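J.: The lines below spell out each chain.
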Amino acid sequence: MGRVLNEHDSKQLVAEHGVPVVEDRLVPDASAAVGAADELGYPVVLKLSGDGIAHKTERGLVRLSLKNAGDVERAAGELLAAATPDDGQVALLVAPMVSGNRELIAGVHQDPQFGPCVMLGIGGVLAEATADVVFRLVPIDVVDAEAMIDELTAQPLLGEVRGEPAVDRAAIAAALLGLSQLAQQRPDVSSVDVNPLVVADGRPVAVDALVELGDA
Amino acid sequence: MGTIAPDAFQALFEPRGVLVAGVSGHPGKFGFVALHNIITQGYAGTVYGTNLEGGEVLGVQMVTSVEDLPADAVIDLVFVCTPASANVGLLRACAARGVRAAFVTSGGYGEAGPEGKAAEAELVQLADELGLLLVGPNGQGVVSTPASLCAQIVAPFPPPGAIGIASQSGNFVSSFQNLAVSSGVGVSRAVSAGNAAAVTVADLLESYAGDSATRVGLAYVEGIEHGREFYERVRAVTATMPVVVVKGGATGGGARAASSHTGALATDDRVFDGMCHQAGVCRAATIEEAFEAAATFATQPLPRGPRVGVVTTAGGWGVVTADAISRSDLELVELPPDLLARIDELLPPRWSRNNPIDMAGGETRDTIPAVLELVASHDDVDAVIYLGLGIQSNQARLMRDGRFFPDHGLERIVAYHERQDARFAQAAADVSAATGKPVLTATELAVTDPTNAGPAAVRASGRLCYPSSNRAVTALAHLWRHARHRQLRHEGSAA
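For the record, the sequence lines run as chains W and X.
Reading the first sequence from the start, the letters are residues 1 to 216 in this note's numbering.
Reading the second sequence from the start, the letters are residues 1 to 495 in this note's numbering.
Read the hints as simulated data drawn from the structure, not as lab findings.
Since the structure is predicted, the reported quantities are computational estimates derived from the model, not experimental observations.
Just some of the chain W residues that point at chain X, by a computed CB distance under 7 Å:
| # | residue |
| --- | --- |
| 1 | D111 |
| 2 | F114 |
| 3 | G115 |
| 4 | C117 |
| 5 | V134 |
| 6 | F135 |
| 7 | R136 |
| 8 | V143 |
| 9 | D144 |
Glycine is no exception: its CB is placed at the ideal position from the N, C-alpha and C atoms.
Start from the sequences, fold in the hints, and give me the full structure.
T.: Quick look at the structure:
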């Protein structure tokens, strides 16, 4: 595995290429975290961030739905205390809590025969079991991007569901085009994992991202 | 590797003379079988042979070395059945005699460990140096029906047609050709690429795209060594010629088998699938699906849209076909009022008045051709599936075989039924030709009783008689996928 960009930098890179991401602040300590949360508006999410940390959720380094300054201060203290020496330099990442019942995953993946591919799939906790994923080779155009969305099996999930509007297909297509462009312009990027791409009010927004750099 | 000049394939597919190297006098050996197949299937050029003993095999005078061939011999293709160790010298001698293409059946190359790999690399380099088109090694043969050329160590020799076959597995060339024989939908060229050391499946598909005898490419692949290049080249091919691909090793278990068969590298099957969609390649799940899709491309016009009208003489068939259409990318067209009114004039009121158009036994002498024509001609219909052909001839068979035949008027009615079914089959083909729309005829009689006058007449009309409506729907869906790709990518119509 090559070098991994931290969440903030990963999201910034995909955002530069047209993937909508949730705004976040990287801060050093609890009081700065409260300041950032006050600015962004509650509820917020707090995560421990560092170049050596790739699996935040599995390690319990994500705190969701923090409703006020007290929540943020307490969570910040716990997360900083959970850091290990292997994590290197750590910081706190504060972001508004984005909620939506539907999650997608998107990314760039290297295939041993076909090279870089753009990927789109249905996300969520059962994503691996459902394996509803489509690929296209980089570069893609808008026809490919739209076809990828059409080829997902769980089409009903992309329509109006439980009072939420239908998914904005054009916005998803734009995100996929952005990922393709990123893979083309940055051959040193070996993989991109935008997961989850939460559908909030019909609009996709990346809540987390992980960019891996290879040798190229 | 690189793109091969289109005329290089002339020597392979239209050779002026063929040399079989390594002929055997033993009818069980490949060197005998190859000579036998070339001579017996009507190849018009001169056939030469080499072996170690000299003498005559199947009436062909053998020479013990290429240098001893008659000075005036014009030979474009050498069909190599000699052991790998003899091939370097053989190819040099052949090239010196003006041979331009070599089909190598010999094993012991890339499939046989590191030494074989080195020998294969040497062979490729030599062919390159000599300007020889090299196919194989470890391949089963080449077929070219326009030249009546059956240069293969396996059977069968397919009827002539417009399907161009390229396969990484020789036995699937046989499978496709067997299906061509049984269905009557024929083949233009067929090549078993063997180890595909020089000429690859992509090279063959490119040559078929530039070949006036070929209308569709049909390929079996397991692994693609230069995936990106394959994609770019096949994508260019589909701009002018449909390509149907079936891939072995789509599952974990299949991939392990492919790795030991052709050394294919594992790829995520969903990536291969996406690549096919992106390149406009029709991917089939099975060999029969692949053949039927290719046979449909070869014999039917492309649909301009997804809207299908189903014409049936029995209700249940129509219902099942409606299900199959609804599960596909095709659409069951809702009958427009003007079409409904015109059909009302032809059929008694009990007809379905809906699509599928169930004639409910209301068909008389001329109704079936008339309804087929009405439906296919309508602007809201892009394709027609016709069900129910052969029912009367099936009964006629029972009468002909029964003990009352030919008395009691049986001879007359039997002839009438068979004539009618032949007429309906021809009407489907005529309506298709007149409207430029696909009209597919499906009945299980195509396989349960191919001598039935209905399916027999479909074959005689040059079209495929589908063994079930589901299979007709699957084939038609491939046509629509390709047509849509062409519209989106090459005709600038995003309708």
